[in-house]
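Knowing the structure of chain R, use the given hints to seat chains E, C and W on it.
The primary structure of each chain is shown beneath.
4 protein chains.
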Amino acid sequence: MVGGGPDAFIGEVHRKAARMDGGIEIVAGCFSRHKKKSEETGRLLRLDPSRVYSNFEQLAEKEERLPEGARADFVSVVTPNNSHFPIAKTLLGSGFHVMCEKPMTFTVEEARELQKLVKQSGKVFGLMHNYTGYPMVKLARDMVRGGELGEIRKIVVQYPQGWLATPIEKTGSVQARWRTDPAQSGAAGALGDIGTHCENLSEYITGLRITKVCADVTTFVKGRRLDDDANCLLRFENGARGILHVSQIAIGEENNLAIWIYGSKKSLEWHQEDPNCLHVKEPDGPARVYRRGNPYVAKRSSAAARATRLPSGHPEAFIEAFANLYRNFADSIRASLARKKPDPLAADFPGVDDGLRGMLFIDTVLASAKSTDKWTSMLS
Amino acid sequence: MVGGGPDAFIGEVHRKAARMDGGIEIVAGCFSRHKKKSEETGRLLRLDPSRVYSNFEQLAEKEERLPEGARADFVSVVTPNNSHFPIAKTLLGSGFHVMCEKPMTFTVEEARELQKLVKQSGKVFGLMHNYTGYPMVKLARDMVRGGELGEIRKIVVQYPQGWLATPIEKTGSVQARWRTDPAQSGAAGALGDIGTHCENLSEYITGLRITKVCADVTTFVKGRRLDDDANCLLRFENGARGILHVSQIAIGEENNLAIWIYGSKKSLEWHQEDPNCLHVKEPDGPARVYRRGNPYVAKRSSAAARATRLPSGHPEAFIEAFANLYRNFADSIRASLARKKPDPLAADFPGVDDGLRGMLFIDTVLASAKSTDKWTSMLS
Amino acid sequence: MVGGGPDAFIGEVHRKAARMDGGIEIVAGCFSRHKKKSEETGRLLRLDPSRVYSNFEQLAEKEERLPEGARADFVSVVTPNNSHFPIAKTLLGSGFHVMCEKPMTFTVEEARELQKLVKQSGKVFGLMHNYTGYPMVKLARDMVRGGELGEIRKIVVQYPQGWLATPIEKTGSVQARWRTDPAQSGAAGALGDIGTHCENLSEYITGLRITKVCADVTTFVKGRRLDDDANCLLRFENGARGILHVSQIAIGEENNLAIWIYGSKKSLEWHQEDPNCLHVKEPDGPARVYRRGNPYVAKRSSAAARATRLPSGHPEAFIEAFANLYRNFADSIRASLARKKPDPLAADFPGVDDGLRGMLFIDTVLASAKSTDKWTSMLS
Amino acid sequence: MVGGGPDAFIGEVHRKAARMDGGIEIVAGCFSRHKKKSEETGRLLRLDPSRVYSNFEQLAEKEERLPEGARADFVSVVTPNNSHFPIAKTLLGSGFHVMCEKPMTFTVEEARELQKLVKQSGKVFGLMHNYTGYPMVKLARDMVRGGELGEIRKIVVQYPQGWLATPIEKTGSVQARWRTDPAQSGAAGALGDIGTHCENLSEYITGLRITKVCADVTTFVKGRRLDDDANCLLRFENGARGILHVSQIAIGEENNLAIWIYGSKKSLEWHQEDPNCLHVKEPDGPARVYRRGNPYVAKRSSAAARATRLPSGHPEAFIEAFANLYRNFADSIRASLARKKPDPLAADFPGVDDGLRGMLFIDTVLASAKSTDKWTSMLS
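Protein chains in written order, with my numbering: chain R, 617 to 996; chain E, 617 to 996; chain C, 617 to 996; chain W, 617 to 996.
In case anyone wonders, no lab produced these hints; they're calculated from the structure.
Some clues are possibly wrong.
Because identical chains share one entry, a pair is satisfied inside a single copy or across any pair of copies.
With a cut-off of at most 20 Å between alpha-carbon atoms, the simulated SDA-like pairs for lysine to any residue come out as follows [unchecked claim]: (1) K653 <-> S996; (2) K986 <-> V724; (3) K838 <-> N854; (4) K838 <-> E767; (5) K739 <-> L953; (6) K881 <-> T782; (7) K678 <-> E641; (8) K986 <-> R851; (9) K986 <-> G855; (10) K828 <-> W991; (11) K838 <-> E853; (12) K678 <-> I642; (13) K828 <-> D989.
In isolation and in its complexed conformation, chain R is listed as follows (with noise of 0.2 Å):
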């Protein structure tokens, strides 16, 4: 791992989720830029010292001349923003499969190298989207891409919260301060942080790109240099409309991404801090109520039913859904090492053309944010 050390949130939350199933230990990692910092973590995590570095060169360096067997099979990345890149691509230039946070990189061309790197390593890259782990989320994208709801029209995404409605990164907040500072976020704040969820949602689910946007983006707490907010209007490439929303000042709101998509023969509704429920509607019947778990829903989703650890009415949460693109990552991993094609369903975890999606996403509500005009394409 690189990143995850003492003030991190995120590390601790891949190494839960990573530890949870049995398949994956970790054995090696550089978890700060400071010595001192990243050697506390290593201790915590029992590591042997030799095995703490401190930085993310010596790791691939030192790790690269293990022998296989004993060397780390993948390195996660949960560092800030603007370091994904450059150590992805030393990593993966040591031969190393990575699993990137998001979003991908600093920049669009950073993004675009990066997928030529990853296509041409032959490595496995993960990126994490963890929302696309959830296993009602891979009900509704399998009934969406069946056909069930028929022609998508309209989709409505949101990702609301509040946390960041008064100015704590001057206050000793960690993670406000990162994620406000354009040197480690990039151009974009909320947009980066939790809008780039909602397009990956999005895409996720119908199959359907974003092709133009018109964007209001806003920051509303003074003083701050990346929006904290984000209204926008979408269309997709089958001429589906769609609204996603994002805000960091929405008081009270927690984490409450919900989409819902219409289509001309159903209707789906989800939303994440209910992550056990699908809501599907019908034209002229009462809204049947999906719930994980199930056998029902093992027989419409077998990648549903892969991602479920535990009978109905047991619920199951958020470190799933992040342990569930664990589990696919290092299956895929383990095929790769066999020599062989991965299990198709073991393929479902986000990856580096997804993370181009997000990091073209940003720029392209950006670019709209400062247009006079109605509408920005979203390149490919």
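Below, chains E, C and W without anything else, positioned relative to chain R:
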């Protein structure tokens, strides 16, 4: 009453709402352009046959001649949109107070003229934006306008419906037929029918005017002549951002009008299909669920208390909200008859100014939909 | 109407419900034992002063003498429990149809006598178990009685309220005062006021009679003379098990009447505070949320369709359920006046037999509460 | 670990929960009475084959001989109920700390003996009443025990499931087979499996002991040898009244454990299927929805804060609650190994005394079910 014959929907809702509290009695009407249908409704309502009229001009003329006390005090206009203006104009001219369905007129020009006529006449004019009649909407308004939410930053308002997801206007639905017919509905479909409710609800609660609109307006059902879906970005006069979206092709949605208002201090959320609750959220405290009929609601809002008939837990709903507008409207007429100023709480119902706002909103959204510019200004 | 004066709650609910549909007009009344109060209410209702009476005997006598057509067709009895019987008896004796509040009488003996009197009189007698008026309760009944749930195995029914958690009967609450006064309410407090609704709702939906009761009845508030909490185990005639619990000291609960019915094939669930939904659950399929006003509901239940005024998504609530009982009651009277059999759908309202069941239920629970035996049989 | 082989359900849940935080490693086990199955699981877990045992006696004997540091520190017992006692007894005798599934033993006598053995051994003994591991349950406990609800008056606790509504024990369900087999499960079916969770949760949150029970226990499915439904009235030591009901034939219910606690000042409500919320209600104020992960929760309950891994809005669920028990249990073992007193917060997990309470509860309910007396006392 003008309108509300055998095939009508909203006319009987007006009658139920008007009757409920015992302060209003229906004494005369022209319920249809077809004499037989008008008479049929008149019989059902046990009206004096001499006061069931064949057309609204006759109603205005004959009722005007009746002595005060015997003649109708006011007339409700519940016809399709295209006839609101000529009927209201005639009735005002004959000295009647008028309650009118929304959208108020067929065009902005008519709306401006009606505004003048109402002001000149001195008559009481009510517009049936019924959702403002809900007690929890009034509590929301009093909280927002009282400053409890701080500066308003963001407003999300939606009204998805699914009933027009297929072309039922071609298969016998009377309600669908006139609503999708430009000759009867005007230039807008969903936008006029339900979009104006969103616009009105936002402005009613916040007291903030929409200044700019960026709209994506769509007709999804082939052969339909008016819009059945609209997505808008909004700007409000204080700089607040907004999203407004309505649909009539959102399968499985019934009447899912809902509003989220985010301030710098607190947020709130209200759902028309669960109208007895108002959710209020704080930056660092548990969300609070205010419920209609409780003493703590009455303490916070005299308007909510006045709009409440039953104790908490005995749910009130759509017809009662309608009835609240009628009650305030009737009390204002009583004050007018007594040549007194109405109680300010009784003056709390939408009127001709709101009707003009609604028509301007439709106009602006349709202009924006055709424009390649991002923002279209909304006149006042 | 007898009762429903200035301090009353339920009388005005009866009037609103009766008025709403335009088929019932209030023409006479005795609204209070205090002449002035009765007159005050009469004036508010704009009644002919000669038909506002000082006591119910006078009302019965004078109205009886009026010519048919002029005289009241029926009388609603909305007084405290102790006077229901003498009033209803007198009114039936004078040839009036009667609508009566629940619990029907003061004692089981009165209930049995009233049952006889009603049968002898041939008059229409309605009992205001208003919750049976909800459309989704009617759908539930039609589903259960139609066999869709299979054999009924278990019924859980509850009615928690919190309004009597402190001794507000001592600090001026008129509603609390008579409800906690044995001289006015009878032998039961919460049990009579809300327990009878639970009993009635269970039997109405399932058509199964309670045969045995095991009860734990408590008065939590010091100095209170009647029960404010009751928990019961039930046995039904078919062997089904049940739980029934009511409370008036359950702080924060408003009117949380709810019922869960578990069959050998399906289950269902209904909540009075969310009355437009009926939840139906299957062994291996997603739960279905039936919502009032949809065509698929009308197809399944003519009774639900008849009890529906508004399309789906326009919520209906408490007063409308009340009005449904009044409408059926009035239609049955119309049939009686026309010497016809009423439409079976119009005959769907609780009557004197249900009233006797309620009184037997109270008696049985109170006997069980005092008994050291587990089971106490409920007579029929 | 003893138990948790290929057909097991709960064993792997234990492993996932134990692994998640990185503080516990599985090093040895006897996963099945069938050697091959035990080895199969051992391989899946990548254990040293020499530490995969054929029976628990062997495990105890061989692991005991390993040097400290190498030997397992504790053993989790996740077998069917009938073997808990002999296994736990042997393990304690060999000096192991023990984590045991519930119900703790087969009989009350075994439970009393195990209580003695644990106290004599000085070992740490944990009982997997996992629902006490949820942060919002800990918040509830701290609120109730801190007096915020006033005197507790009424407790309603339920655990309906539907998975045994048909005789699936006859058609291949391994989980159903042992749970409905008296030889493996003991005298109780649903009562032991889920009834004990209700009993434990009530006593954990309130600190009040059940003193009397009145039970109606049923087997609905023909041919089944143990109960699949139980309804109980309860009395608590302080005079509070209670209702406890469980079912495994409640079609459509998944794992709907829920509790309502009504005090003289406030009430609260928690639902296992929505575990991140705690509803707190007041006599005259809006209900409050406390949500896990917020600073205001941490301020109120150190135990809740300690049991929280993720910020608010990132839902946590079943496995995390399990993991919380494991974390506290492991920290207590660490303290024991260090010959220190554990942090009081680490001592917060159910133990042998709770296990005895559970067995007494089963015994009392079954005695009540056979008795014609209303109340059966629960011994302590």
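Results for each hint:
1. K653 <-> S996: So K653 and S996 fail the 20 Å test inside a copy (40 Å) and across (51 Å) alike.
2. K986 <-> V724: The answer is within: 18 Å in one copy meets 20 Å, while 32 Å across copies does not.
3. K838 <-> N854: Only across copies: K838 and N854 sit 15 Å apart there, 40 Å inside one copy, limit 20 Å.
4. K838 <-> E767: So K838 and E767 pass the 20 Å test across copies only (13 Å; inside, 43 Å).
5. K739 <-> L953: Only inside one copy: K739 and L953 sit 10 Å apart there, 45 Å across copies, limit 20 Å.
6. K881 <-> T782: Answer is between; shortest inter-copy Cα gap is 9 Å, intra-copy 43 Å.
7. K678 <-> E641: For K678 and E641, only the intra-copy Cα distance (18 Å) is at most 20 Å; the inter-copy one is 27 Å.
8. K986 <-> R851: both (18 Å within a copy, 16 Å between copies)
9. K986 <-> G855: between (24 Å within a copy, 17 Å between copies)
10. K828 <-> W991: Classified as both; 6 Å inside a copy, 16 Å across copies.
11. K838 <-> E853: The answer is between: 19 Å across copies meets 20 Å, while 37 Å in one copy does not.
12. K678 <-> I642: Only inside one copy: K678 and I642 sit 16 Å apart there, 29 Å across copies, limit 20 Å.
13. K828 <-> D989: Cα proximity of K828 and D989: in one copy and across copies (12 Å, 14 Å).
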